[in-house]
Amino acid sequence: MTEPSLSVSRQVEAPSSALTDHRPEPVPDTGPADTGPADAGPAPQRPLSAQRVIPLRHPGRWMATVVVLVLVAQFVHGLVSNPFYQWGRFQYWFLRPVILNGLVITLEVTALSAVIGLVGGVVLALARLSRSPILRAVSWTYVWLFRSVPLIVVLLILYNASALYKTLSLGVPFGPGFVHFNESSLATDLVVATLGLSLNEAAYASEVVRAGILSVDQGQHEAAASLGLPRGYQFTRIVLPQALRAIVPSYVNQLIGLIKGTSLVFYVSLLDLFGEVQNMGSTYPSDIVPLLLVATVWYVILTSVVSVAQFYVERYYSRGALRTVPPTPLQKLRTAVRGLRGRLEVIRTVNG
Amino acid sequence: MSATATPAPTDAVPTGEPGQVRPAGVEIHGAYKSYGTNRVLNGIDLTVQPGQIAVILGPSGSGKSTLLRAVNHLERLDLGHVSVSGELIGVRRQGDRLKELSERAILAQRARIGFVFQGFNLFPHLSVVDNIAAAPVATGRRSKAEARELALSLLERVGLADKADAYPRQLSGGQQQRVAIARALALEPGLILFDEPTSALDPELVGEVLAVIKDLATSGTTLIVVTHEIGFAREVADLVVFMDGGRIVEQGPPSEVLDNPQHPRTREFLSKVL
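Protein chains in written order, with the numbering used here: chain H, 56 to 407; chain C, 120 to 393.
Think of the hints as simulated: they come from the structure by calculation, not from any bench. Glycine included, C-beta positions come from ideal geometry on N, C-alpha and C. Keep in mind that a hint or two might mislead.
To be verified - Here are the computed distance ranges between Cβ atoms for each label pair:
#1 Pro205(H) with Asp321(C): 52 to 58 Å
#2 Gly259(C) with Pro152(H): 36 to 42 Å
#3 Gln289(C) with Val401(H): 29 to 35 Å
#4 Ala264(C) with Leu347(H): 19 to 25 Å
#5 Gln289(C) with Pro152(H): 51 to 57 Å
#6 Ala330(C) with Pro102(H): 41 to 47 Å
#7 Asp321(C) with Leu126(H): 35 to 41 Å
#8 Gly205(C) with Val174(H): 52 to 58 Å
#9 Val352(H) with Glu275(C): 55 to 61 Å
#10 Ala264(C) with Leu200(H): 49 to 55 Å
#11 Gly326(C) with Asp272(H): 24 to 30 Å
Take the sequences, apply the hints, and build the full model.
Written as structure tokens, this is what we have:
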């Protein structure tokens, strides 16, 4: 009967030291047990209430982890050692000015369409939620139309629109125009691409924004109204900040789709990141794989930056919604280091 | 203030200094309201004198909350009208007709009437002090610094001076409701409406909220309280109103309505609640 009680006392003395668990039985066990009482350690026999519970072990989980790690290692090894990927050529292309120029175009188109699309989305969502049936119907129809038509079709129609509408005029609706634009001078490739993406983006963004606004409790609207807060203040300071908590994750999803969607602007002869890769690929056919990898890595970098930004934006808007905001990676690291230091201290004191 | 055609001068416009607000009287005339075929208010006439504490009792669905919400135009009446301090709420008289006011004018009226909800409805993304300071700042009555000072003094009054920078979800229900009362007080209202302020609270927390309301009752502000707390009604009410089926069945001082009810429906209700 001494053996089980000894093994339990081991757990108490060095709770976080995995080493002691696997030590051969007799020698180290008697060591701490003997010196224990001398440095005010716990006596070998402790009441049950003072024992720390030994957590359940999960051997299946560990085996699955090993299998997955082996598979991942194999994949990475193949990635590095397979000559098919031509990492040397990848290195050659990765920071070439021609690729970076494409990257700038991608960033420009993305940023412009994201902003215009979001503003358009907010307007469409507000129209959809308004009391006017006309505004509601127009908003609904817009969303219905642009969600139905593939983005590539929208882009190609706009690209060819200069043939449909020769000039654009500002003036009285159906009446005389005051300012005339020649569309071929107005509709540069960048404008066409941005316009197409923004129109498409606004349709999706409006649903995201609308869902966010609907997620705000009716009591919040009532409280804001009962305090006599002005209309604009109610929306910008009370409803929108709470809606954004629901909007941000979906909108980032949307934004990542947009970043990758910009690769379609190649078809309206705008040379973005993908366009340049495609271009170079047809000039240097042997480099097509490393060029595609260059595009892949750049798109991964862009979406990663967005994902990191998402974490902090979400954290900002969770103030008040959660009792405690989630820790940043830096804070997690600090806690982990502190925890490790604490464990080391425990081991140090146990080992004298 | 706005284009109200009421002849009586309004007195609820708050002056710069707190504590100078005059209590507001409330008059409700011929109030009818239906949701579809369900008639929730069936001809209500009620007068609450300035400075009175009125407690509205009645079973669920008797129209108490709807009546209270009509007082600051959160509900639009089908027929009848409400006036506070002699000023029509939500409508203006044009000849012999009533026209609904613009949203801006209605918001301005509401900014002089406090409203405390059953579910608190604090703004979860704002700290306690910002919840209270929001209305005085947004309506342009006070600078940010003044509003913060006002908020802190109101927090002291409801016994939560140490919670100024907490967020609502970090507080207990009773504390949240006391913040909500402080938020209503920040309007410096002549009238405060309470819609079952303790119904969402644990029995233990009811006392702390009622204590704050009792404290307000001594300050001279007109209060209308919808509640199920009969003891509270007996202790502080000047006027007890018993409603059932969208009508006022009986009203009078607590000594009459609570201790010597005339109507069988009132007696039946009180026998179940007490």
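Exercise for the section: Starting from the hint list further up, note which numbers the structure goes against and sort them upward. Expected result: Structure breaks hints 2, 4, 7, 8.
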